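**Student:** Now for the letters of each chain:
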Amino acid sequence: MSTQTPLLELSGIHAAYDRIEVLFDVNLVVNEGSVVALLGPNGAGKTTLLKVACGLMSPISGDVLYAGKRVNGTRPEELARRGISMVPEGRGVFPNLSVRENLKMMTYTGVPLSQIEEIAFGRFPRLAERSRQLAGTMSGGEQQMLAMARGLATNPAVLILDELSMGLAPIIVEELYEIVAQVARSGVSILVVEQFASSVLGVADRAAIMVHGRIVRDGTPAELESELSHAYLGNQQESSGGEL
Amino acid sequence: MDKFLTFTIVGLSTGAIYAIIASGLVLTYTTTGIFNFAQGAIGMLCAFAFWQMYIAWEWPLWLALLLSLLVLAPLIGAFIDTAIMRGLEDTTEVTRLVVSIGLLVGLIGLANWIWKPGVSRNVPAFFSGHYFSLADTRVTGQQLATIAVAVIVALSLWLFLRLTRTGVAMRAVVDDRALASLNGARPNRVSMLAWAMGCTLAGIGGILIVPNVALDAGTLSLLIVNAYAAAIIGRLRSLPLTFLGALILGCTEAYLSGYLKSTPNLAGLRLAAPAILLFIVLLVIPTSRLRGRRQSREFFPMPSWSGTFVFAGCVVFSGVVLATTLSNSDAVTYGRIFAVGILALSLVPLVGFAGQISLATLSFAGIGALVFGHLGAGGNPLALVLAFVIPAAVGALIALPALRLSGIYLALGTAGFAVALDRWIFNLADFNIGPVHISLFELGSTEVAPLNIFGYSFNTPSRQMVLVSVAFAVLSIAVVGVRRSAYGRRLLAMKSSEAACATLGLNLVGTKLTVFALSAGISGVGGAILGTQLRSISPQNFDFVSGLPVLLLTVVGGIGAVGGALFAGVSLMGILPLLALLGVFFANVAGLLPGIAGVGLGRNPNGSIHDIRDGFEPIIRYRPAIIWLAIVIPAVWILRLAGIYGNAVFFPLLVLSPVVAVIFATLKIGGVEQTPTVEEIPLEWKGFIEPWKESDLIELDAALGINEVSIHVAP
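Going line by line, the protein sequences match chains U and C.
According to our numbering, the residues represented by the first sequence are 1 to 244, in order.
According to our numbering, the residues represented by the second sequence are 1 to 715, in order.
Since the hints were made in silico from the structure, they are not lab data.
Check before you lean on any hint, since a few could be wrong.
[As the list claims (entries may be wrong)] Simulated DEER-style distance windows between Cβ atoms: (1) U:ASN72 - C:ALA78: 27 to 35 Å; (2) U:ILE20 - C:LEU382: 55 to 63 Å; (3) U:SER58 - C:PHE79: 22 to 30 Å; (4) U:SER226 - C:ILE285: 56 to 64 Å; (5) C:ILE612 - U:ASN72: 36 to 44 Å; (6) U:LEU113 - C:SER133: 42 to 50 Å; (7) C:LEU159 - U:ILE20: 46 to 54 Å; (8) C:ALA502 - U:SER226: 44 to 52 Å; (9) C:SER439 - U:GLY136: 51 to 59 Å; (10) U:SER58 - C:ALA502: 32 to 40 Å; (11) U:ARG132 - C:SER133: 41 to 49 Å; (12) C:ALA502 - U:GLY136: 21 to 29 Å; (13) U:GLY136 - C:PRO401: 26 to 34 Å; (14) U:ASN72 - C:ALA83: 21 to 29 Å.
Here the structure is a predicted model, which is why all the values come from computation and not from measurement.
The C-beta atom is built at its ideal place from N, Cα and C for all residues, glycine as well.
Please take these sequences and the hints and turn them into a complete structure.
**Tutor:** What follows is the structure in structure tokens.
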């Protein structure tokens, strides 16, 4: 399904929080229809890179290209309307709005509510049962489903997922990644950040490892799998005799 | 029964107005997270504009209504949102509250500038001459229209927020602004619309109420206190409960007016009823959980002892200089700089260190003044101790029920207490509690004797000036002592995260209680000293509204530093009266300035005092400039005392001396210290400004004298 045409391209990205620079010359390409996994330990800069990709943060230098056009400084709402959909870290829902109202928020992208509900409730039937319930009162897994449903419901060109597994039971994570795989098969480009590599490498076409604000390695999931522990733990593994 | 129905209808129509204003308050709070103290003032401005067009210029009613409600009010809302509120991201609740208090004070100043106070302005009742009968009770057209408007507003608002996409987006923006924009909503536009609608609702309330009350900027702006209680009943979230609360409030007021006997003691109770109700509601509504850490860009550095003693020395020296150079009448006017400074100082530990908002500073000052007035016969200094202890005890007593509150709820609780005190308690006749005879303002004013220490009476304005400056200096040192102590660290920790403090085993109740008592005690001393300067005190000296600029200007100056308190005193009692002397235009500007300073706070939430200190940085770093100042200022003063020149030359010279010293020092050493470049980054910053490198490790080891490299770095 995936092609070699870049849809979302981050090139030479430097980003900083006030004076503290956290991304250094980061290059990452998401081709049309491909799933790219971004892996790395805490504090590597993965979420910051996603914020730059979806317009929540402006890079201090470098380019963000979407469908070949430079979109640096474009507001996140504009990018959302142009087809970049992001499911942020944590529970990406509005806790004081009902499930239906959460979905209604996506109509700003121009897709009618009926279509949004059809897609969302089709993929996650449990949400249909709880359409009147306040999102903040649902379980963590259900909230993540709602966040995913909202992300998918507008048929985005690029879906950005940040730490889907955070705070969820393994069985729910498996369920969610099964849906990610289905979405990927339908041709949506996906950029997914995950700390727990095993969940995501099964669905990714390519993966990149980020450490200390730089991409230190990229390649196919098979190529990267053996290098992951080194990236996360430095040389500790060798020094402790390979036992964890 | 007829009477009851009449009172009920009056109550419902008054409640309907409160409901409209309170719903605007709830709308802006739920959609922007900002409690708008200026909601009433916006309604007041719309009411004045309506009067101007409809009565003064005799424009048609529909045109005046259209322009006031659909043009002016939304424009005010859009202006508030874009120019003021957007700068408030990552600021504390105190700053947000103070900005809206600034807006309140500024709008009253603006209205008083455009429409001179003291002139009688009336708006006739709407639909006058039209009546409707309900079980032999006459309902006026105005009353019916008011209730109908409230019902329409309630229904349309509810439907708007529930059913329309923009309404849902308004609620979504409060939940998560960034997420709303990731959904394609435009949060800035949504907030602007919320402010525009909130202001229109304030305008409707303002215009509906003017046929019933005098068109006075202050009175109209503060009708909002009544609406606060309604909004709190709705827990600042629920519109139906807010409406219900407003109706209960309106009816309570009407029944109290109708059924209570007209004795002086009970007249005050009627006026204070909404405030008392507000206080009671705050005590019974379910509390929120302990607050966790909140991101804020506000930072107050730890004051040094050396800097504090220099500051205290400068304060006393200024007091002596002013006492020896000002005429008696000027010493009376400007002598209050330090007394108001002490009141402001009381806010520093409470609001600045502990993050608890209190709007009742002046009430405690009033209690202190009363204590000293009644118990300090002949100026007995021991009464000053009581002027600390009694307000501190009352402060602790008030804090006890208020402890469960925080943030805006605590601010409103203290506001309720302050209003109840100045509208009712302060106006009570003498009474007995058991064997104790309590005497307050004796239904008018009370005399306060000047302080007398070991036979030396501080009975002239200049003596008082020196005394008060010394008191301010001593209390400043004490407040800095609090900040530097373990207790001060506890206060700061509590401000940063109550939840974290609770998990560490910190006694939150005890800490809050003591800081409230400490603050109320300092206010009491300030009030007592202010009383000795005023000689005769009345409830008006200590009313709720007069206390707002003190908090406002202390926050503008820097609520976490004793310098901020002096800033408040100098601004309120020094610069503003001085400006007013320059003519009508400047007097009007003086009325607006505190408001403008307050609304500009979002740009600089740390307060002006840090900028002022930065301005003097070159002098601090260049010793010859300090020596020059230490010679020139006393010399200029001595020449003034010798009668070589008058105050017209002396004060400009006094102000110019440090300015010249700053310029001189800047030329010599080159301005404010530069922020370090990446090459000069301190060692502890390595790894933050840029990624950790092997060379950093070597550099760090060298600096720490470590030879063996024991940490391995990932490539």
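**Student:** If a hint holds in the structure, say so; if it does not, say that too.
**Tutor:** Here is how each hint holds up against the structure:
no. : hint                            : in the structure
1   : U:ASN72 - C:ALA78: 27 to 35 Å   : 29 Å, holds
2   : U:ILE20 - C:LEU382: 55 to 63 Å  : 56 Å, holds
3   : U:SER58 - C:PHE79: 22 to 30 Å   : 27 Å, holds
4   : U:SER226 - C:ILE285: 56 to 64 Å : 59 Å, holds
5   : C:ILE612 - U:ASN72: 36 to 44 Å  : 39 Å, holds
6   : U:LEU113 - C:SER133: 42 to 50 Å : 48 Å, holds
7   : C:LEU159 - U:ILE20: 46 to 54 Å  : 47 Å, holds
8   : C:ALA502 - U:SER226: 44 to 52 Å : 47 Å, holds
9   : C:SER439 - U:GLY136: 51 to 59 Å : 54 Å, holds
10  : U:SER58 - C:ALA502: 32 to 40 Å  : 38 Å, holds
11  : U:ARG132 - C:SER133: 41 to 49 Å : 44 Å, holds
12  : C:ALA502 - U:GLY136: 21 to 29 Å : 23 Å, holds
13  : U:GLY136 - C:PRO401: 26 to 34 Å : 30 Å, holds
14  : U:ASN72 - C:ALA83: 21 to 29 Å   : 28 Å, holds
Of the numbered hints stated above, none is contradicted by the structure.
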